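Peer 1: Residue numbers (this note's numbering), protein chains in the order written: chain A, 1 to 77; chain B, 1 to 325.
Hints were generated in silico from the structure; no laboratory data involved.
Below, a list of computed lysine to aspartate or glutamate pairs in the DMTMM-like style, where the Cα atoms sit at most 20 angstroms apart:
#1 B/34 <-> A/30
#2 B/248 <-> A/49
#3 B/189 <-> A/55
#4 B/56 <-> B/154
Pair by pair, the computed Cβ-Cβ distance ranges are:
#5 A/20 <-> B/30: 36 to 42 angstroms
#6 B/25 <-> A/21: 28 to 34 angstroms
#7 A/66 <-> B/131: 47 to 53 angstroms
#8 A/20 <-> B/153: 36 to 42 angstroms
Calculated Cβ distances over 10 angstroms to all of chain B for the following chain A residues:
#9 8
#10 11
#11 14
#12 20
#13 21
#14 24
#15 26
#16 30
#17 61
#18 63
#19 65
#20 70
#21 71
#22 72
#23 74
Small disclaimer: the values here were computed from a predicted structure and weren't measured. Backbone N, C-alpha and C define an ideal beta-carbon position, used for all residues, glycine too.
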Amino acid sequence: MELNEFVNKFAMQFDNEDQSVFTPETEFHELESWSSFTSLSVVAMIIQEYGVELDSQDVRNADTIEELYEIVKEHQQ
Amino acid sequence: MRTTISNVELRSVATWLPKNKISIMSFCDRFPEKGVLDVIRSSGAEFVYRTDVGQKASDLCCNAAEFLFKLEKIDKSTIDGLVFVSSTRDWVIPDTSVSLQHRLGLSTDTVCQDINYGCAGYVYGILQASAWINCGLCSNVLVLASEVLSPYLDPNAVGSIEVGEAGTATIVTKGSSHFSFEISSNGQKADKIQMPHGGYLYQDGMTVFSYGIVNGKRSIMAVMEQEKWEESDVELFALHQSNKMIIKNVCMGMKSNPEKFPVNTKEFGNTGCASIPLLLCDLFGDNTKKQPSKAILCAYGVGLTCASVSVDLSKTHFWGPINKQ
Numbered sequence: 001m002e003l004n005e006f007v008n009k010f011a012m013q014f015d016n017e018d019q020s021v022f023t024p025e026t027e028f029h030e031l032e033s034w035s036s037f038t039s040l041s042v043v044a045m046i047i048q049e050y051g052v053e054l055d056s057q058d059v060r061n062a063d064t065i066e067e068l069y070e071i072v073k074e075h076q077q
Numbered sequence: 001m002r003t004t005i006s007n008v009e010l011r012s013v014a015t016w017l018p019k020n021k022i023s024i025m026s027f028c029d030r031f032p033e034k035g036v037l038d039v040i041r042s043s044g045a046e047f048v049y050r051t052d053v054g055q056k057a058s059d060l061c062c063n064a065a066e067f068l069f070k071l072e073k074i075d076k077s078t079i080d081g082l083v084f085v086s087s088t089r090d091w092v093i094p095d096t097s098v099s100l101q102h103r104l105g106l107s108t109d110t111v112c113q114d115i116n117y118g119c120a121g122y123v124y125g126i127l128q129a130s131a132w133i134n135c136g137l138c139s140n141v142l143v144l145a146s147e148v149l150s151p152y153l154d155p156n157a158v159g160s161i162e163v164g165e166a167g168t169a170t171i172v173t174k175g176s177s178h179f180s181f182e183i184s185s186n187g188q189k190a191d192k193i194q195m196p197h198g199g200y201l202y203q204d205g206m207t208v209f210s211y212g213i214v215n216g217k218r219s220i221m222a223v224m225e226q227e228k229w230e231e232s233d234v235e236l237f238a239l240h241q242s243n244k245m246i247i248k249n250v251c252m253g254m255k256s257n258p259e260k261f262p263v264n265t266k267e268f269g270n271t272g273c274a275s276i277p278l279l280l281c282d283l284f285g286d287n288t289k290k291q292p293s294k295a296i297l298c299a300y301g302v303g304l305t306c307a308s309v310s311v312d313l314s315k316t317h318f319w320g321p322i323n324k325q
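Please construct the entire structure, taking both the sequences and the accompanying hints into account.
Peer 2: Encoded structure:
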């Protein structure tokens with residue numbers, strides 16, 4: 001699994017956000033569009049695409065999209 | 001755990017709704033609109049039915065059962081078992097099912113038991129009823145399922161406004177079909193949906209969401225394996241109606257057709273352990289759709305637990321939700 005691909009899939013969960021906002025360094029909790037709906041969409045994408053069941057603590061532990069990617073990778077091992 | 005119980009069937013199901021139909025948008029008077037819209041978008045709920053102050057789950061179920069007896073012309077003396085599934089029982093002791101035996105005018109020979117469960121509770125109710133029938137204890141068991149959570153909603157938490165209420169009554173009898181069950185528990189997540197004594201309902205929505213998607217699919221596949229069914233064999237997947245995104249994602253994970261995964265949260269919100277019988281009454285109560293002989297019911301949530309069962313619904317009598325507006 002590749003980081004850029006993960007960032008793209010993450011970004012696809014947001015229809016009302018400029019896609020250029022999303023980089024590995026993006027602090028996603030700070031986004032105006034980060035809401036219960038978009039956060040659930042991201043968690044669902046991670047189940048469907050990576051087969052990983054994250055809980056709310058996992059998502060809280062990540063500040064950036066890259067950190068979330070690392071957590072998903074840890075769960076996969 | 002998995003098992004199959006033979007010579008049982010779901011005879012009939014009725015649902016009774018409380019009279020207050022409330023628009024979810026009306027909660028904008030106490031919560032920010034953005035939060036309310038977010039709940040609508042993820043859960044799919046736009047309306048909920050709520051009880052009057054003081055109206056209990058047992059009252060809703062009593063009404064549902066009385067209607068079912070009348071509509072089905074059931075001789076009450078034939079009912080020999082009563083299961084009351086609810087996270088909001090009348091008292092800590094005694095079991096509410098025992099008082100319902102008297103309120104419904106059932107025989108004192110009736111076997112009565114409460115099951116203190118929420119979300120997945122309906123499947124536990126069917127399991128208890130069919131086990132009583134299978135061991136020879138009972139022939140006709142009334143399973144009542146409802147929870148009234150509105151008195152326990154945190155006035156500062158927008159995340160629970162989609163809670164709806166309904167009373168349901170199901171009759172499980174000796175019959176020619178069978179039920180295959182799959183049930184699992186994960187007590188490590190016991191604090192993810194919790195209502196402490198004297199406190200408000202708390203829910204870690206994201207954790208429960210992930211759990212539902214992963215375990216819903218796993219549990220359904222386990223039932224299909226017991227039945228030797230492929231996805232294409234199953235006509236209906238009736239899932240717990242807590243959140244439309246969970247249902248959509250279980251469907252996606254199984255590469256199935258959304259038409260087989262009906263969602264009615266829009267009209268009713270999340271009615272907890274009543275959601276599956278309410279869904280079935282709403283789908284089939286008007287007798288216009290073909291009722292499936294191969295259906296799987298699946299529910300997940302509080303516990304955290306997940307439970308599924310295969311059922312033949314082709315001969316079940318469904319009555320449309322009473323008081324539906």
